[in-house]
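Peer 1: Sequence:
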Amino acid sequence: MRRVLLTLAVALLGATVPGLPADASTHHHHHVRGHHHAIRTHPRMVLRSHRESLQWEAVSALGVIASHLHLSLQQLMSKWQRVAVCEVNGRWSMEGPIYSGIGFLNFNWQQFGGTHFGPLAGDATPEQQVLIAMRITKTWIPDQYGCSPSGW
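In the working numbering, the protein residues as written are 185 to 336.
Hint data in this document are derived by calculation from the structure and do not stem from the laboratory. Hints are supplied without guarantee of correctness; some may be wrong.
Said to hold, decoys possible - Simulated DEER-style distance windows between Cβ atoms:
(1) S233 x P303: 17 to 25 Å
(2) Q294 x R235: 16 to 24 Å
(3) W324 x F291: 19 to 27 Å
Said to hold, decoys possible - In silico DMTMM-like links for lysine to aspartate or glutamate, alpha-carbon gap of 25 Å or less:
(4) K322 x E241
(5) K263 x D307
(6) K263 x E241
(7) K263 x E279
(8) K322 x D307
(9) K263 x E236
Backbone N, C-alpha and C fix where the C-beta goes; we use that ideal spot for every residue, glycine too.
Let the hints inform the model, and build the full structure from the sequences given.
Peer 2: Have a look at this one:
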């Protein structure tokens with residue numbers, strides 16, 4: 185089981201994860217008494233479910249990474265919170281000229297697969313931002329003195 189989880193974490197850190205297919209449908213079909221009925225799912229429910237799925241994906245991967253680093257998820261996030269305070273006073277939704285609590289340049293957010301979570305880093309949750317940051321740093325966690333006021 186640990187090997188499967190570690191493989192998942194490596195896959196999430198090592199490769200860009202594709203987003204939803206452009207033709208994903210919000211319709212579900214089922215057969216009732218000889219008739220086909222389409223049950224329409226409200227777009228907000230689909231969006232919420234997708235956001236929750238993306239958050240679960242990030243938290244799960246970070247949990248595996250934290251365990252591998254002999255940290256709890258809370259300890260890992262605490263270390264990155266110190267970086268966020270240094271970068272942009274802890275404002276995780278910061279937008280322009282650098283984005284997010286970690287201070288991503290938009291190019292790096294895109295280059296390392298961040299658009300899987302949101303078009304801009306500031307649109308993603310702290311956990312999603314940290315997962316992309318861990319891709320950039322190859323799981324190295326900078327201390328608060330390793331931050332860059334010009335973004336990274």
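Peer 1: All the hints need checking, so say for each whether the structure fits it.
Peer 2: Hints versus structure:
1. S233 x P303: 17 to 25 Å: 19 Å, holds
2. Q294 x R235: 16 to 24 Å: Because 19 Å falls inside the window, the suggested range holds.
3. W324 x F291: 19 to 27 Å: Because 20 Å falls inside the window, the suggested range holds.
4. K322 x E241: The given pair, whose Cα atoms are some 18 Å apart, holds under the 25 Å limit.
5. K263 x D307: 21 Å, holds
6. K263 x E241: 20 Å, holds
7. K263 x E279: 22 Å, holds
8. K322 x D307: 22 Å, holds
9. K263 x E236: 24 Å, holds
In summary, the structure agrees with every hint in the numbered list given earlier.
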